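Enquirer: In case you want the letters, here they are:
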Amino acid sequence: NAGVMQNPRHLVRRRGQEARLRCSPMKGHSHVYWYRQLPEEGLKFMVYLQKENIIDESGMPKERFSAEFPKEGPSILRIQQVVRGDSAAYFCASSPSARPNNEQFFGPGTRLTVL
Amino acid sequence: GESVGLHLPTLSVQEGDNSIINCAYSNSASDYFIWYKQESGKGPQFIIDIRSNMDKRQGQRVTVLLNKTVKHLSLQIAATQPGDSAVYFCAEDEGSNYKLTFGKGTLLTVNP
Numbered sequence: 112n113a114g115v116m117q118n119p120r121h122l123v124r125r126r127g128q129e130a131r132l133r134c135s136p137m138k139g140h141s142h143v144y145w146y147r148q149l150p151e152e153g154l155k156f157m158v159y160l161q162k163e164n165i166i167d168e169s170g171m172p173k174e175r176f177s178a179e180f181p182k183e184g185p186s187i188l189r190i191q192q193v194v195r196g197d198s199a200a201y202f203c204a205s206s207p208s209a210r211p212n213n214e215q216f217f218g219p220g221t222r223l224t225v226l
Numbered sequence: 086g087e088s089v090g091l092h093l094p095t096l097s098v099q100e101g102d103n104s105i106i107n108c109a110y111s112n113s114a115s116d117y118f119i120w121y122k123q124e125s126g127k128g129p130q131f132i133i134d135i136r137s138n139m140d141k142r143q144g145q146r147v148t149v150l151l152n153k154t155v156k157h158l159s160l161q162i163a164a165t166q167p168g169d170s171a172v173y174f175c176a177e178d179e180g181s182n183y184k185l186t187f188g189k190g191t192l193l194t195v196n197p
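Protein chains in written order, with this note's numbering: chain R, 112 to 226; chain U, 86 to 197.
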């Protein structure tokens, strides 16, 4: 049973380009969460999605960032017109539901570097 | 092991010793807590969790203690092994049932 998969593992972009990060949840999981981690810091919640729905995007920057989880295919975190401050590790997690005490399983992350 | 400044708190132990990693949380409404282990270049890995109606929970070689009075969480690792070397994060659910708030982490180094 494959775990949460993320690709690419490393992504380098120049300022102003777009970054697209992909996350395939564990089989049977319909809830996806994106977190961002700066060096030597804990993960910060960005967004929570279910299939075709954004449930909570309170941690997403108001501009340039968007996320989707279509009916078919992986969840996508999209960052438009990247800036150096977007450089971070972006982690996706999934769970079978959002009931209390449902463990979130994390992927290996995508490390974004903006030049 | 509380977060101070911009650098990770560190804990260095000898192989075979017991380790205790501490975490202070801020929200008295938090009702669910998790400890994660993160190895270099990898995503967080679940270790153990505890609900707010408990004060202690044990797993394999690990124990989590919760003191709600002082809003303190600790992770005890028995007979620490080199493979335990990693950054350890506590995370709390402040009642949302899905949004986890992470602490800054503690770097555990196990010396052989």
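Think of the hints as simulated: they come from the structure by calculation, not from any bench.
Watch out, some of these pointers could steer you wrong.
[As the list claims (entries may be wrong)] Here are the simulated DSBU-like pairs of lysine-lysine, each with C-alpha atoms no more than 35 Å apart in a straight line: (1) U:K189 - R:K173; (2) U:K141 - R:K138; (3) R:K173 - U:K141; (4) R:K162 - R:K138; (5) U:K127 - U:K156; (6) U:K153 - R:K182; (7) U:K156 - U:K141; (8) R:K155 - U:K153; (9) U:K141 - U:K153; (10) R:K155 - U:K156; (11) U:K189 - R:K162; (12) R:K138 - R:K155; (13) U:K156 - R:K182; (14) U:K141 - R:K182; (15) R:K182 - U:K127; (16) U:K189 - R:K138; (17) R:K173 - U:K127; (18) U:K127 - R:K162; (19) U:K153 - U:K127; (20) U:K156 - R:K173.
Small disclaimer: the values here were computed from a predicted structure and weren't measured.
Enquirer: Confirm or reject each hint.
Expert: Comparing the hints with the structure gives:
Restraint check for K189 (chain U) and K173 (chain R): satisfied, since their Cα atoms lie roughly 24 Å apart, inside the 35 Å limit. Pair hint K141 (chain U) plus K138 (chain R) holds up; C-alpha atoms about 32 Å apart against a cutoff of 35 Å. At most 35 Å may separate the alpha-carbon atoms for a hinted pair to count; K173 (chain R) and K141 (chain U) exceed this at roughly 40 Å. Restraint check: the Cα-Cα separation between K162 (chain R) and K138 (chain R) comes to about 13 Å, which is no more than 35 Å; the hinted pair holds.
Our distance criterion of 35 Å between C-alpha atoms is met by K127 (chain U) and K156 (chain U), whose separation comes to about 29 Å. For the hint linking K153 (chain U) to K182 (chain R), the alpha-carbon distance of about 41 Å lies beyond 35 Å, and the restraint is violated. Taken as a hint, the K156 (chain U) and K141 (chain U) pair is honoured in the structure, with Cα atoms around 14 Å apart against an allowance of 35 Å. Only pairs whose Cα atoms come within 35 Å are accepted, and K155 (chain R) paired with K153 (chain U) is accepted, the gap being roughly 23 Å.
A threshold of 35 Å between alpha carbons decides the hint, and for K141 (chain U) with K153 (chain U) the separation of about 11 Å falls inside it, so the pair holds. Only pairs whose Cα atoms come within 35 Å are accepted, and K155 (chain R) paired with K156 (chain U) is accepted, the gap being roughly 20 Å. Of the pairs offered as hints, the one joining K189 (chain U) and K162 (chain R) holds, with about 31 Å between alpha carbons and a cut-off of 35 Å not exceeded. With a CA separation close to 25 Å, the supplied pair K138 (chain R) and K155 (chain R) stays within the 35 Å bound.
As the CA atoms of K156 (chain U) and K182 (chain R) are separated by approximately 41 Å, the hinted pair breaks the 35 Å bound. Taking the CA atoms of K141 (chain U) and K182 (chain R), the gap is about 41 Å. The hint is violated against a cut of 35 Å. Taken as a hint, the K182 (chain R) and K127 (chain U) pair is honoured in the structure, with Cα atoms around 28 Å apart against an allowance of 35 Å. Under the criterion of a C-alpha separation no larger than 35 Å, the hint pairing K189 (chain U) with K138 (chain R) is consistent with the structure, at around 30 Å.
The straight-line distance between the Cα atoms of K173 (chain R) and K127 (chain U) is roughly 28 Å, inside the 35 Å bound, and the hint therefore holds. Annotation: proposed proximity of K127 (chain U) to K162 (chain R) holds, straight-line Cα distance about 26 Å (limit 35 Å). For the hint linking K153 (chain U) to K127 (chain U), the alpha-carbon distance of about 31 Å falls within 35 Å, and the restraint holds. This hinted pair checks out: K156 (chain U) and K173 (chain R) have alpha carbons roughly 32 Å apart, not beyond 35 Å.
Against the hints set out earlier in the document, violations occur for numbers 3, 6, 13 and 14.
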